[in-house]
Amino acid sequence: MGQGTRAHADAPGSAPSAGLRDFYENPAVPVASGDARSLRQARLLARALDRPGALVLDVGCGDGTAAATAGPVLAGHRIVGVDWSQDALRRARSRMSAVVRGELDDGRLPFADGCADAVLFSEVVEHLVDPDGALDELRRVLRPGGHLMLSTPNLAAWYNRAFLLAGRQPVFSEVSLRGIHGRPGTEVVGHLRLFTARALRSFLRSAGFEDVRISGAPFHGVPRGLRLVDRAACAVPSAASILLAHARRR
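Taken in order, the sequence shown gives residues 566 to 815; the numbers are from this note's numbering.
These are computed hints drawn from the structure, not numbers from a lab.
Treat the hints loosely; a few may be bogus.
Computed beta-carbon distance windows for the label pairs [as the list claims (entries may be wrong)]:
{"#": "1", "residue 1": "727", "residue 2": "679", "range": "38 to 46 Å"}
{"#": "2", "residue 1": "803", "residue 2": "731", "range": "15 to 23 Å"}
{"#": "3", "residue 1": "662", "residue 2": "726", "range": "37 to 45 Å"}
{"#": "4", "residue 1": "752", "residue 2": "680", "range": "30 to 38 Å"}
{"#": "5", "residue 1": "773", "residue 2": "726", "range": "37 to 45 Å"}
Even for Gly, the Cβ is constructed at its ideal location relative to N, Cα and C.
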């Protein structure tokens, strides 16, 4: 079983230690996720946006790979990438028409209150020291009724349930920034928090979002022989590899 993704993970939500900042700025740390999640998320958002020319903020855009995948699906809308990692923004500029530097941990993103029609927040929340503050800031930049599209690895993915029963560390979880311990995989990506579908739904509602809908997406790191099972598990979001949350700002 492969390691959890770190797409769009360069935006810790409260001031990280120097060690964490150095870790996230390391170009060797993966910043790209599989296309399946990006496409599913983009299609959900495209169906939800009710007018052309919407402003979509990709907060924690990483290297821009996911935005480039989603771009054709969201044609007619403006996608702006936001990240605090200078290395990630340098790479994103070749894939996105607009990128800006912004941090969730120093007060405010560089956007006015209620300016955005939608926020993409993909594979970021699991890296945050302060997810509550981050959600407050995303809610601030969204207009009332604006859409939040959040994705994150699922602690209760179908294979993680088996690993826990066997006394093994779940996939996507990490106990060290120096190496992998107690579970399959080789890449350390800096996951600090993990959610189940139930926890994610409750978390978003408590942060001022409503109409929370959870769907599932496959994980590109699942071994080839198990990928059909992983895709089938998406029909039961609570057991899927990746949780896709669609919520609206109250």
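Here's how the hints hold up against the structure:
The hinted window of 38 to 46 Å between residue 727 and residue 679 holds, with their beta carbons roughly 45 Å apart. The hinted window of 15 to 23 Å between residue 803 and residue 731 holds, with their beta carbons roughly 20 Å apart. Checked against the given bound of 37 to 45 Å, the beta carbons of residue 662 and residue 726, roughly 42 Å apart, stay inside it. Restraint check, residue 752 to residue 680: a C-beta distance of roughly 36 Å satisfies the suggested window 30 to 38 Å.
In this structure the supplied range 37 to 45 Å is violated for residue 773 paired with residue 726, their Cβ-Cβ distance being about 31 Å.
The structure is inconsistent with hint 5 alone, although it conforms to all the rest.
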